[in-house]
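Take the sequences, apply the hints, and build the full model.
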Amino acid sequence: MKKFSLALLALILPFLSGAQSFDKYESMKEVDAVVVTSKMFKLLTKIDLNADDPETQAYIDLIENLKEMKVLSTTKENIRQQMALDVASYIKKGSMEELMRVSEDGKTVRFYYKPGKNDDYVSQLFMFMEGQDKNKPMSVILNITGEINLAQVSKLANDFKIPGGEELEKVETN
Amino acid sequence: MKKSVFILVLLCLGFASCNNETSLQEFYVEHQNDNQYLAFDIPVSLLTGDNTTLNAEQKATLETIRKVNILGFPLKAENKEEYETEKERLSSILKADKYQQLMRYGGGTRKAELYYLGEEDAIDELIVFGSDDEKGFGIARLTGNDMNPEALIRLLKSFEKGELDVAGLPKLEGFFD
Numbered sequence: 329m330k331k332f333s334l335a336l337l338a339l340i341l342p343f344l345s346g347a348q349s350f351d352k353y354e355s356m357k358e359v360d361a362v363v364v365t366s367k368m369f370k371l372l373t374k375i376d377l378n379a380d381d382p383e384t385q386a387y388i389d390l391i392e393n394l395k396e397m398k399v400l401s402t403t404k405e406n407i408r409q410q411m412a413l414d415v416a417s418y419i420k421k422g423s424m425e426e427l428m429r430v431s432e433d434g435k436t437v438r439f440y441y442k443p444g445k446n447d448d449y450v451s452q453l454f455m456f457m458e459g460q461d462k463n464k465p466m467s468v469i470l471n472i473t474g475e476i477n478l479a480q481v482s483k484l485a486n487d488f489k490i491p492g493g494e495e496l497e498k499v500e501t502n
Numbered sequence: 054m055k056k057s058v059f060i061l062v063l064l065c066l067g068f069a070s071c072n073n074e075t076s077l078q079e080f081y082v083e084h085q086n087d088n089q090y091l092a093f094d095i096p097v098s099l100l101t102g103d104n105t106t107l108n109a110e111q112k113a114t115l116e117t118i119r120k121v122n123i124l125g126f127p128l129k130a131e132n133k134e135e136y137e138t139e140k141e142r143l144s145s146i147l148k149a150d151k152y153q154q155l156m157r158y159g160g161g162t163r164k165a166e167l168y169y170l171g172e173e174d175a176i177d178e179l180i181v182f183g184s185d186d187e188k189g190f191g192i193a194r195l196t197g198n199d200m201n202p203e204a205l206i207r208l209l210k211s212f213e214k215g216e217l218d219v220a221g222l223p224k225l226e227g228f229f230d
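Just so you know, the sequences run in chain order A and B.
My numbering applies: residue 329 is where the first sequence begins, and numbers increase by one.
My numbering applies: residue 54 is where the second sequence begins, and numbers increase by one.
It should be emphasised that the hints constitute simulated quantities derived from the structure, not laboratory data.
Hints may contain errors.
Straight-line C-alpha distance at most 25 Å; calculated BS3-like pairs for lysine-lysine [as the list claims (entries may be wrong)]:
no.	chain 1	residue 1	chain 2	residue 2
1	B	K129	A	K367
2	B	K210	A	K370
3	A	K357	B	K133
4	B	K129	A	K357
Keep in mind that this is a model prediction, so the values were computed, not measured.
Written as structure tokens, this is what we have:
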């Protein structure tokens, strides 16, 4: 019996940890949540008009391989604190590596990633921003999963007008 | 003997699960005459007026769209409970695999979800499900045959430019007043 419950626990555990720990924010009244699924990305590739252009083709390749994009933002102080704590423990626990850190005009933006199939690709891009929006303190979590080409990801900011989206433009590859 | 019981149980389970799966269409039919709901079923031909200026491609796209139907549940003080159960029912209907979720949004008391049915380059139905815990919920469906998303977007752009005549639309707005 003990063995069984242990096995069960082992099965459930992966679902409880990881990115899952941010799911609770999605249903909170004080949090604005936007989730874009892989189906939307697939649909977008059908819409993008001029695929002859190599730039567009690279962009299509990027969005075709995205799994999910999730944006959570809040201006409520107590939730902002909780988010900061959850992010800290999430980064510590997961196998995330820091990509970059930007501090400017009272705003800090941190990017983390999970390595992907090769050096050009990451399998997860995670951004946490603490800053201001219309003079209100705001925290934003932006999480993208899939096969992400970091050299192309900044272009997403143009297509998705989301809080913190413009920060994506800062992602650089060296 | 044991085996046949097992098969019987499996069969029962199969039937039960089939029966549980209400489609959106069934939900719509069930409620279109319910006086708690507002229901509109509008063929596209009624919405559009004189479209002789459209080119052949735009006309062809327009022909793939069949109708728009909207089912709304305005929230009142006395139907709060029903609001919750019916909203829950709709979200569980939309959890079926055939409804492909494109996006979801939530913030404050509001929620919105966008789905489609069909293939990614041949859409049969576009579904918007929105709710506001202070105002009510609504579900809008754009149904058609093999609608091509790219062509739809182009048609939409021509609509912005004023090329597509939607003479029927002002009449519709009158309904909501």
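Hints, one by one, checked against the model:
With a C-alpha separation of about 36 Å, the suggested pairing of K129 (chain B) with K367 (chain A) is violated against the 25 Å cut-off. The hinted pair formed by K210 (chain B) and K370 (chain A) meets the criterion: a straight-line CA distance of about 21 Å does not exceed 25 Å. With a C-alpha separation of about 18 Å, the suggested pairing of K357 (chain A) with K133 (chain B) holds against the 25 Å cut-off. The hinted pair formed by K129 (chain B) and K357 (chain A) meets the criterion: a straight-line CA distance of about 21 Å does not exceed 25 Å.
Going through the hint list in order, the structure does not satisfy hint 1, though it satisfies all others.
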